[in-house]
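K.L.:
Take a look at the letters that make up each chain.
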Amino acid sequence: TQLLEQSPQFLSIQEGENLTVYCNSSSVFSSLQWYRQEPGEGPVLLVTVVTGGEVKKLKRLTFQFGDARKDSSLHITAAQPGDTGLYLCAGDQGGYNKLIFGAGTRLAVHP
Amino acid sequence: DVKVTQSSRYLVKRTGEKVFLECVQDMDHENMFWYRQDPGLGLRLIYFSYDVKMKEKGDIPEGYSVSREKKERFSLILESASTNQTSMYLCASSLYGRYSPLHFGNGTRLTVT
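Chains as they are written, first to last, in the numbering used here: chain A, 276 to 386; chain B, -16 to 96.
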């Protein structure tokens, strides 16, 4: 079974700080998705990366897919309280959009 | 916007009861999924379906079954609820096709006592 490990598990920072969240595996994925989940809601897709080395930006969020397609990172610049939530990475196991999820990084951004 | 609706936000059931969790999506998606979410373990796939009456086991199907009689509805059944099935259950749907995002419901928090 493929596994995705996310680090750190928890992150508590002040508004304006930068941070990076990591998603690592020993397996190769055809694509990787990042979701954010807020309390009481289901996860919502942020981005999908499909090509090794790909970098995608979403406002202050920068996503990178590793060259070997085994790992990914999410960098947030100048974090804001609205960035607070659980960040989940999910790798495509192939076929039928069957995704395997990491355990998540819980981010708290304090004003 | 895609809407995935789970019938209950909270459920409390007793050990041994048969439990039905219902999920409906309104965007004609082919794929539907049931995950459970536990702290420190992330989301784990229980079952998924890629068409009406079709189902495939996920990573943790033991103790669960599913039903998909109509395209928009996917039901998760706990045949005989046990305390280790206390969890948050998330339903999701997606189009059939690579890289299609999952659209999640808001979850059902099930407590088995």
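Take these hints with a grain of salt, some might be off.
What the hints assert, rightly or not - Below 25 angstroms or equal to it, Euclidean Cα-Cα: the simulated SDA-like pairs (lysine to any residue) are:
{"id": "1", "chain 1": "B", "residue 1": "Lys40", "chain 2": "A", "residue 2": "Lys331"}
{"id": "2", "chain 1": "A", "residue 1": "Lys345", "chain 2": "B", "residue 2": "Tyr82"}
{"id": "3", "chain 1": "A", "residue 1": "Lys345", "chain 2": "B", "residue 2": "Asp42"}
{"id": "4", "chain 1": "A", "residue 1": "Lys373", "chain 2": "B", "residue 2": "Gly41"}
{"id": "5", "chain 1": "A", "residue 1": "Lys345", "chain 2": "B", "residue 2": "Ser58"}
To be verified - Across the chosen pairs, the derived CB separations fall in these ranges:
{"id": "6", "chain 1": "A", "residue 1": "Lys334", "chain 2": "B", "residue 2": "Ser63", "range": "36 to 42 angstroms"}
{"id": "7", "chain 1": "B", "residue 1": "Leu24", "chain 2": "A", "residue 2": "Asn293", "range": "37 to 43 angstroms"}
{"id": "8", "chain 1": "A", "residue 1": "Thr337", "chain 2": "B", "residue 2": "Thr94", "range": "37 to 43 angstroms"}
{"id": "9", "chain 1": "A", "residue 1": "Leu333", "chain 2": "B", "residue 2": "Asp42", "range": "27 to 33 angstroms"}
Hints were generated in silico from the structure; no laboratory data involved.
Beta carbons are placed, not taken as given, at the ideal position from N, Cα and C, and that holds for glycine.
K.L.:
Run the distance test for B/Lys40 versus A/Lys331: straight-line Cα separation, threshold 25 angstroms.
P.N.:
Between B/Lys40 and A/Lys331 the Cα gap is close to 33 angstroms, so the pair fails against 25 angstroms, i.e. violated.
K.L.:
Taking the Cβ atom of A/Leu333 and the Cβ atom of B/Asp42, is their distance within the range 27 to 33 angstroms?
P.N.:
holds, 29 angstroms
K.L.:
Below or equal to 25 angstroms on CA atoms is what counts here, so check A/Lys345 against B/Ser58.
P.N.:
violated, 34 angstroms
K.L.:
Range first: 37 to 43 angstroms. Now tell me if the beta carbons of A/Thr337 and B/Thr94 are that far apart.
P.N.:
Since the Cβ atoms of A/Thr337 and B/Thr94 sit about 39 angstroms apart, the hinted range of 37 to 43 angstroms holds.
K.L.:
With respect to the beta-carbon atoms only, verify the hint that B/Leu24 and A/Asn293 lie 37 to 43 angstroms apart.
P.N.:
violated, 28 angstroms
K.L.:
Quick one, are A/Lys373 and B/Gly41 close enough, alpha carbons at most 25 angstroms?
P.N.:
holds, 9 angstroms
K.L.:
Taking only the CA atoms, is the gap from A/Lys345 to B/Asp42 under or equal to 25 angstroms?
P.N.:
holds, 20 angstroms
K.L.:
With 36 to 42 angstroms as the target window, see if A/Lys334 and B/Ser63 comply at their CB atoms.
P.N.:
Hint violated: Cβ distance 48 angstroms, outside 36 to 42 angstroms.
K.L.:
Given the hinted pair A/Lys345 and B/Tyr82, is their Cα-Cα distance within 25 angstroms?
P.N.:
Holds - the C-alpha atoms of B/Tyr82 and A/Lys345 are around 16 angstroms apart, at most 25 angstroms.
Consistency note: the structure conflicts with the earlier hints numbered 1, 5, 6, 7.
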